[in-house]
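Counting from 373, one number per residue, gives the positions in the sequence shown under my numbering.
There may be inaccurate statements among the hints.
No more than 20 Å apart at the CA atoms, straight line, and that leaves these computed lysine to aspartate or glutamate pairs for EDC-like [to be verified]:
hint, residue 1, residue 2
1, K419, E447
2, K419, D449
3, K424, E447
4, K424, D389
5, K424, E465
6, K424, D458
7, K419, D398
8, K424, E403
Have a look at the derived ranges for each label pair, beta carbon to beta carbon [what the hints assert, rightly or not]:
hint, residue 1, residue 2, range
9, Y423, T461, 19 to 29 Å
10, D491, V443, 34 to 44 Å
11, L395, T430, 28 to 38 Å
12, R469, R490, 14 to 24 Å
13, L507, R410, 12 to 22 Å
14, D389, D413, 35 to 45 Å
15, L409, D491, 32 to 42 Å
16, G393, L507, 36 to 46 Å
17, L411, A432, 17 to 27 Å
Since the hints were made in silico from the structure, they are not lab data.
A virtual CB, placed ideally from N, CA and C, is assigned to each residue, including glycine.
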Amino acid sequence: MRVTFITTGGTIAKTYDEYRGALRNDRPVVENIVAALRLPDLEVTYKHILYKDSLDLTEADRRLIVESTRVTLSEADAIIVVHGTDTLTVTGELLYRELHPPPIPVVLTGAMRPFEFRDSDALQNVTEALLACRLVEPGIYVVMHNRV
373 MRVTFITTGG TIAKTYDEYR GALRNDRPVV ENIVAALRLP DLEVTYKHIL
423 YKDSLDLTEA DRRLIVESTR VTLSEADAII VVHGTDTLTV TGELLYRELH
473 PPPIPVVLTG AMRPFEFRDS DALQNVTEAL LACRLVEPGI YVVMHNRV
């Protein structure tokens with residue numbers, strides 16, 4: 373199965389900057405999450421398009437997410453959009469309006485705590501998103517905290 377992760381930032385990707393004493397969104401972490409899993413029959417690719425908290429996303433950013441997803445529909449068997457949780461549903465609704473019905477599953481996920489934190493939900497949510505890609509019919513979904 374070919375899965376493409378489209379990463380946009382969000383809490384899941386925040387890292388702690390010890391020098392500034394603050395959380396930052398300046399690099400992807402989803403590769404580290406996927407590397408922690410055993411996925412021998414999965415071909416994973418990544419498109420890192422944004423590094424933003426979802427509260428800072430603009431309409432142009434959301435258009436970029438939609439267009440990146442649209443282009444990727446023919447390149448993968450499923451797409452996972454890694455997104456901040458605060459406005460994840462706003463982007464999900466736009467994807468639904470613009471791409472419905474997609475020919476493959478498009479799954480949005482994120483986390484309430486950064487992957488670097490000990491009690492992060494990032495690994496669970498990415499794992500569940502990957503599982504959902506195998507089980508759901510083509511469509512737009514949000515997968516987090518044991519729910520689709």
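Going down the list of hints, with the structure as the test:
| no. | hint | verdict |
| --- | --- | --- |
| 1 | K419 with E447 | holds, 12 Å |
| 2 | K419 with D449 | holds, 15 Å |
| 3 | K424 with E447 | violated, 25 Å |
| 4 | K424 with D389 | holds, 15 Å |
| 5 | K424 with E465 | holds, 19 Å |
| 6 | K424 with D458 | holds, 12 Å |
| 7 | K419 with D398 | holds, 14 Å |
| 8 | K424 with E403 | holds, 17 Å |
| 9 | Y423 with T461: 19 to 29 Å | holds, 21 Å |
| 10 | D491 with V443: 34 to 44 Å | holds, 36 Å |
| 11 | L395 with T430: 28 to 38 Å | violated, 20 Å |
| 12 | R469 with R490: 14 to 24 Å | violated, 38 Å |
| 13 | L507 with R410: 12 to 22 Å | holds, 18 Å |
| 14 | D389 with D413: 35 to 45 Å | holds, 37 Å |
| 15 | L409 with D491: 32 to 42 Å | violated, 19 Å |
| 16 | G393 with L507: 36 to 46 Å | holds, 42 Å |
| 17 | L411 with A432: 17 to 27 Å | violated, 33 Å |
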